[in-house]
Amino acid sequence: MSIGLEHYLVLSAILFCIGLYGAVVKRNTVVVLMCIEIMLNAVNITLVAFSRYLVPESVVLEGQIFVIFVMVVAAAEAAVGLALIVSVYRNRRTVDASEIDLMKG
Amino acid sequence: MSLTVAFWILAVMSVGTALAVIFARDIFHAALFLIVCFFAVAGIYVTLNADFLAAIQVLVYIGAVSVLLIFGIMLTREAKRGSPAGKLRIPALIVAFVLLGVMIGSILSFDWQPAAGMDEMVRTQDIAGLIFSENGYVLTFEIAGLMLLAAIIGAIVLVRKE
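Taken in sequence, the protein lines are chains A and B. Residue numbering for the first sequence follows our numbering, beginning at 1188 and increasing consecutively. Residue numbering for the second sequence follows our numbering, beginning at 1237 and increasing consecutively.
Just so you know, not all the hints are guaranteed correct.
Partial list, computed: chain B residues near chain A (C-beta under 10 Å) [as the list claims (entries may be wrong)]:
#1 L1239
#2 T1240
#3 V1251
#4 L1255
#5 A1260
#6 A1267
#7 V1277
#8 A1286
#9 A1300
#10 G1381
#11 L1384
#12 A1386
#13 G1390
#14 V1395
Using 20 Å as the maximum straight-line C-alpha spacing, the simulated SDA-like pairs for lysine to any residue come out as follows [said to hold, decoys possible]:
#15 K1323/B x V1219/A
#16 K1323/B x L1289/A
#17 K1323/B x G1292/A
#18 K1397/B x G1292/A
#19 K1323/B x I1287/A
#20 K1323/B x K1397/B
#21 K1397/B x S1285/A
#22 K1291/A x R1279/A
#23 K1397/B x T1281/A
#24 K1397/B x V1275/A
#25 K1291/A x T1281/A
#26 K1323/B x R1277/A
#27 K1397/B x A1260/B
Worth flagging that the hints you see were computed from the coordinates, not collected in a lab. By construction, the Cβ of each residue, glycine as well, lies at the ideal position given by its N, Cα and C atoms.
Based on the provided sequences and hints, a complete structural model is requested.
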């Protein structure tokens, strides 16, 4: 049985759901950031798979261009997110997401 | 045939290491598993004929983002180690499984019509040509550069002492 588009899409769905579960459940904010990176990777796999299997001709590469920009945004997001975590840790001595509740009503 | 074997190895590796990131007791171990997961995803890009993306996956994710995450772990070492699960454990599990079922069901029930082309390797030259050509993505490229600059400045301002 050869590998087709469905295999990549199912793999991507599994990775996305693992990342989603971790991002919701984990209390350490650094681990939440890691799970968000897993989710972004899953979406990137989908984009590359569509660009590989569904384009009408070989020169259409928009899916891969999109992945490059997603990676740029993911890198920026990781940098700013970690800066926020370090800043919160410096002020409150914790990175536990359930204890960072300053804006909770 | 070899592509099939490579895909299955990489798929099992990426899902296994992603699960290990979730269930690892020590967050430093979770970060190391995450690096292996990024490597497996880079390998999956290679099986999709996307060499350039595999290279920048290794450079950006493994070279930069992982190091940044490990820095973050080191700077926020708590007395209480590990990353316990929160209160939302059971609902999150249900939501994740329902979403997974819906996605897999819709993927498998749709009749995909794969195109025949794209068997040759994508060259870096083609991607560069598409970004920088007339009617290309030059504006998006420049906005991405500007956004990176803003992110760098924002990160510095956030972690500055005073």
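Status of each hint after checking the structure:
Taking 10 Å as the C-beta contact cut-off toward chain A, the hint placing L1239/B at the interface holds, the least distance being around 6 Å. Against a cut-off of 10 Å between C-beta atoms, the interface hint on T1240/B holds, since the closest Cβ of chain A lies about 5 Å away. For V1251/B, the interface hint holds, the least distance from its beta-carbon to any beta-carbon of chain A being 6 Å, beneath 10 Å. Using the Cβ-Cβ criterion of 10 Å, the hint placing L1255/B at the interface with chain A is satisfied: the shortest such distance is roughly 6 Å.
The beta carbon of A1260/B comes within 9 Å of a beta carbon in chain A, closer than 10 Å, and the hint placing it at the interface holds. The interface hint given for A1267/B is met, as the beta carbon of that residue sits about 7 Å from the closest beta carbon of chain A, less than 10 Å. Given hint, V1277/B at the interface with chain A, holds; its Cβ is 5 Å from that chain's nearest Cβ, closer than 10 Å. A least Cβ separation of about 5 Å between A1286/B and chain A falls short of the 10 Å threshold, and the interface hint therefore holds.
Evaluation of the A1300/B hint against chain A yields a held restraint, the C-beta minimum of about 6 Å falling below 10 Å. Checking G1381/B against chain A: minimum C-beta separation of about 8 Å stays under 10 Å; hint holds. For L1384/B, the interface hint holds, since its Cβ comes within 10 Å of a Cβ in chain A; the closest pair sits about 6 Å apart. About 8 Å separates the beta-carbon of A1386/B from the nearest beta-carbon of chain A, less than 10 Å, and the hint is met.
With a cut of 10 Å, the hint placing G1390/B at the interface with chain A holds, because the nearest CB-to-CB distance is about 5 Å. With its C-beta approaching chain A no nearer than about 5 Å, V1395/B sits inside the 10 Å limit, and its interface hint holds. About 15 Å separates the Cα atoms of K1323/B and V1219/A, which keeps this hinted pair within 20 Å; it holds. With a CA separation close to 19 Å, the supplied pair K1323/B and L1289/A stays within the 20 Å bound.
For a cut-off of 20 Å, the pair hint linking K1323/B to G1292/A stands: about 19 Å separates their Cα positions. Pair hint K1397/B plus G1292/A does not hold up; C-alpha atoms about 29 Å apart against a cutoff of 20 Å. Distance restraint check for K1323/B and I1287/A: the Cα-Cα separation of roughly 15 Å lies within the 20 Å cut-off, and the hinted pair is therefore satisfied. For the suggested pair K1323/B and K1397/B, the alpha carbons sit about 34 Å apart, so the restraint of at most 20 Å is broken.
Between the alpha carbons of K1397/B and S1285/A the distance comes to roughly 25 Å, so the proposed pair goes past 20 Å and is violated. At roughly 15 Å between alpha-carbon atoms, K1291/A and R1279/A fall within 20 Å of each other, so this suggested pair holds. Restraint check for K1397/B and T1281/A: satisfied, since their Cα atoms lie roughly 17 Å apart, inside the 20 Å limit. Distance check on the hinted pair: K1397/B and V1275/A sit about 12 Å apart at the alpha-carbon level, within 20 Å; holds.
For the suggested pair K1291/A and T1281/A, the alpha carbons sit about 17 Å apart, so the restraint of at most 20 Å is met. Pair hint K1323/B plus R1277/A does not hold up; C-alpha atoms about 25 Å apart against a cutoff of 20 Å. For the suggested pair K1397/B and A1260/B, the alpha carbons sit about 33 Å apart, so the restraint of at most 20 Å is broken.
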